[in-house]
Amino acid sequence: MSFHVLAAAIDIKRAIAAELPIPIETMALKAAGAVEGAGAVEGEGEDAAAAAAAAATMRDATTLFDVGVRPGDEAELELVVEYAKPSEEEAEAVDVDPNAPKVLPERIDVVVAPKERGGQPRVVSVVIDASNCEKPRYKGGYRHKHTGTRYHHAEIQTMRKPREWPKDAKFTRDTQTTEARTRTIMTKKEAATQMKRKDLLINENRDAFVSAGRYVDSDEWHAIRVAATTVLQRYARGWFARKLRDVKRVERDERARARAKAATEKLDAEERRRRKEIERRMRPRTHEDFDILRHELEKWRKSEHAKIESDASADDAAKARNKQLLLRRETKLLATIDRLKVTAAAENKDARVARALDDMSTAKRWECDDGSVVEVHTPFTTRAKELQQLYNGVRLPLVTADERLDVLLHVKWTVKEFDCNLTREIVELIDREADLIDRGRDVKTMGGLRRRLSNLFLQFIETPEFNPEAARYSVAAAAAALQEQEKELARSKRTARVR
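The working numbering numbers the first residue of the sequence shown as -9 and each following residue consecutively.
By construction, these hints were calculated from the structure, which means they are not laboratory data.
The beta carbon of each residue, even a glycine, is placed where N, CA and C say it ideally should be.
Just to be clear, a hint being listed does not mean it is correct.
Stated by the list, open to error - No more than 20 Å apart at the CA atoms, straight line, and that leaves these computed lysine to aspartate or glutamate pairs for EDC-like:
#, residue 1, residue 2
1, Lys434, Glu376
2, Lys402, Glu376
3, Lys322, Asp360
4, Lys188, Asp209
5, Lys266, Asp281
6, Lys402, Asp425
7, Lys186, Asp197
8, Lys331, Glu278
9, Lys313, Glu288
10, Lys402, Glu452
11, Lys266, Glu255
As the list claims (entries may be wrong) - Restraint ranges, calculated between C-beta atoms of paired labels, are given here:
#, residue 1, residue 2, range
12, Ile327, Ile427, 54 to 60 Å
13, Arg242, Arg196, 20 to 26 Å
14, Leu287, Ala310, 37 to 43 Å
15, Thr220, Arg196, 53 to 59 Å
16, Glu357, Leu426, 50 to 56 Å
17, Ala341, Arg431, 27 to 33 Å
18, Arg319, Ala341, 28 to 34 Å
19, Ala302, Ile327, 40 to 46 Å
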């Protein structure tokens, strides 16, 4: 092996350890000249040979240059491997003769494989010297039965597992204010402190000198603990009180918000009711609204009539004139109520028709086995949706002439799919209105024509033959369905009687 002349012995040992399975701690290097000198004094005795071998052993920091090797020289070094020699006590324990030959040979030959392919293997002769090996002194401790690990001074080297306390049991009033008692017991394991000896050096850099303070007797110590406990209880009770205060404050705020919300909702309800009453009198829609108007009108008439009768300064002629004026005013108010009734009837009819058309064109809602609802548009609902759009287009008031003609053309194509008196009349009205539009007639002159057309088209939509979805709103269809149900019920009764 090639090394630099300044290579240390430890570097050579590492290189050999990389080639051979031998620990570095058991290696020792000797110069070739020293080995020859050791062989020359071998006949003088064992002690002289050992002294010569020890003198020729290279230390780890010794370099090849220190032992006389120069650049370009070839030097031979002897590798000595030490092994433990059994003591006399161990030999006696196992009935082995201490003077018996060593188990390991003094010299072994190791075959080293070549690094390069095709090279010749090398044979290295290794000398084993176990003269300086001693058994380590017993340090105490114990050995793990499963892993075989040895623990020395286990009380100091082994970390204890920390005790975990649950938070729900740790931060409670009972835990913080519990009554503790002190008892002296024998521990399971004993601990010791290593002191300084003449053969043992201990690092004292972190040691500190502690001097005894003032002596505290049991009464004073108990007073200190009582004072500390009082402080802890004061803070704990303050914390509990603050938590209770926060809870009460939140509840108070919630009640205040609930009262404010209830008051606001009450005011809103009263305002909505007031607006509804005003709306019922300004724009009546139902029979109850008109009953209220007539009742208030009668109440007003009676109060005015009572005023006229109670006027002592007026004569009979003046009272008669006042009664005539009152009758005239009552007649006007009744006429106003009748006009409102006509308007309400028209608006109610339009709303009822719009609701019916919306219901016809709404998708069917089918419930599945898993409880979910599926919306499906059938051909009948699609047809109803198209007719609804055409009806809304026919009733649009403000449209241009081209838009009106386009709507009329779509309605004409729709009704011409069926041939009957109703469809022929609708087509005739459409042609008449289209002719008037082409002539440039005023829209106001076509009001009656358009109303008649919209009514006929609505009748077309409400016919089940033209709109199957209208069967649910047809009186004749409902009567036929009821009659069919009665027949089915009678048929089932007859079948049950025969059985």
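The hints, checked one at a time:
Between the alpha carbons of Lys434 and Glu376 the distance comes to roughly 28 Å, so the proposed pair goes past 20 Å and is violated. Distance hint between Lys402 and Glu376 is fulfilled; the C-alpha atoms sit about 13 Å from each other, no more than 20 Å. Distance restraint check for Lys322 and Asp360: the Cα-Cα separation of roughly 63 Å exceeds the 20 Å cut-off, and the hinted pair is therefore not satisfied. For the suggested pair Lys188 and Asp209, the alpha carbons sit about 45 Å apart, so the restraint of at most 20 Å is broken.
Proposed proximity of Lys266 and Asp281 is supported: the alpha carbons are some 15 Å apart, at most 20 Å. In summary, the hint linking Lys402 to Asp425 is supported, as the alpha carbons are separated by about 14 Å, within the 20 Å threshold. Annotation: proposed proximity of Lys186 to Asp197 holds, straight-line Cα distance about 13 Å (limit 20 Å). For the given pair, Lys331 sits about 12 Å from Glu278 by alpha-carbon distance, which is consistent with the 20 Å threshold.
Distance hint between Lys313 and Glu288 is fulfilled; the C-alpha atoms sit about 14 Å from each other, no more than 20 Å. A hinted pair counts as satisfied when its Cα atoms are at most 20 Å apart, and Lys402 with Glu452 qualifies at roughly 17 Å. Under the criterion of a C-alpha separation no larger than 20 Å, the hint pairing Lys266 with Glu255 is consistent with the structure, at around 16 Å. Separated by about 38 Å at the C-beta atoms, Ile327 and Ile427 break the suggested range of 54 to 60 Å.
With their beta carbons about 59 Å apart, Arg242 and Arg196 fall outside the hinted range of 20 to 26 Å. Between Leu287 and Ala310 the C-beta distance comes to about 22 Å, which lies outside the given range of 37 to 43 Å. Against the hinted window of 53 to 59 Å, the Cβ-Cβ separation of Thr220 and Arg196 comes to about 38 Å, which falls outside the hint. At roughly 52 Å, the beta-carbon separation of Glu357 and Leu426 lies within the given 50 to 56 Å, and the hint holds.
A C-beta distance of roughly 31 Å is found between Ala341 and Arg431, which places it inside the suggested range of 27 to 33 Å. Distance hint for Arg319 and Ala341: a CB-CB separation of about 32 Å, consistent with the stated range 28 to 34 Å. A hinted range of 40 to 46 Å for the beta carbons of Ala302 and Ile327 is inconsistent with their spacing of about 33 Å.
Hints 1, 3, 4, 12, 13, 14, 15 and 19 from the earlier list are contradicted by this structure; the remaining hints agree with it.
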